[in-house]
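J.: From just these sequences and the hints, can you work out the full model?
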Amino acid sequence: MRIAHVAPLHESVPPRLYGGTERIVSYLTEGLVELGHDVTLFGSGDTKTSAKLVPCRERALRLDPRPLKSETAAHLSMLSE
Numbered sequence: 001m002r003i004a005h006v007a008p009l010h011e012s013v014p015p016r017l018y019g020g021t022e023r024i025v026s027y028l029t030e031g032l033v034e035l036g037h038d039v040t041l042f043g044s045g046d047t048k049t050s051a052k053l054v055p056c057r058e059r060a061l062r063l064d065p066r067p068l069k070s071e072t073a074a075h076l077s078m079l080s081e
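When we follow this note's numbering, the leftmost residue of the sequence shown carries the number 1, and every step to the right adds one.
Worth flagging that the hints you see were computed from the coordinates, not collected in a lab.
Since this is a predicted model, take the numbers as computed values, not measurements.
We put the beta carbon where it would ideally sit given N, CA and C, even for glycine.
With a straight-line cut-off of 20 Å between C-alpha atoms, the simulated SDA-like cross-links for lysine to any residue are:
(1) Lys48 with Ile24
(2) Lys48 with Pro8
(3) Lys52 with Thr40
(4) Lys52 with Glu34
(5) Lys52 with Ala4
(6) Lys48 with Gly20
(7) Lys52 with Glu30
(8) Lys48 with Leu17
Label-pair ranges, simulated between beta-carbon atoms:
(9) Arg66 with Leu35: 35 to 45 Å
(10) Arg62 with Gly31: 17 to 27 Å
(11) Gly31 with Pro55: 15 to 25 Å
(12) Pro65 with Gly36: 31 to 41 Å
(13) Ile24 with Met1: 16 to 26 Å
(14) Val54 with Arg23: 11 to 21 Å
(15) Pro65 with Gly31: 32 to 42 Å
(16) Gly20 with Pro55: 16 to 26 Å
(17) Pro65 with Met1: 33 to 43 Å
(18) Asp64 with Leu35: 30 to 40 Å
(19) Arg62 with Leu28: 19 to 29 Å
T.: Take a look at the structure:
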């Protein structure tokens, strides 16, 4: 089965620190890949996964030193991928 997961961009997957949603996305993604599914993960470029990764930003928003006017705009940019 082909499956797409969209992770929040605030933290990498799996999260280095706190990140409950990102941790669940990681568990689900890795489990589905292990079962033989074709999984694509949309997330930050510093994500570690065995699935196909489509990086929507270079690194997690939390670690990016560049000012961001709107996190919502960053997340909406994933729709164009």
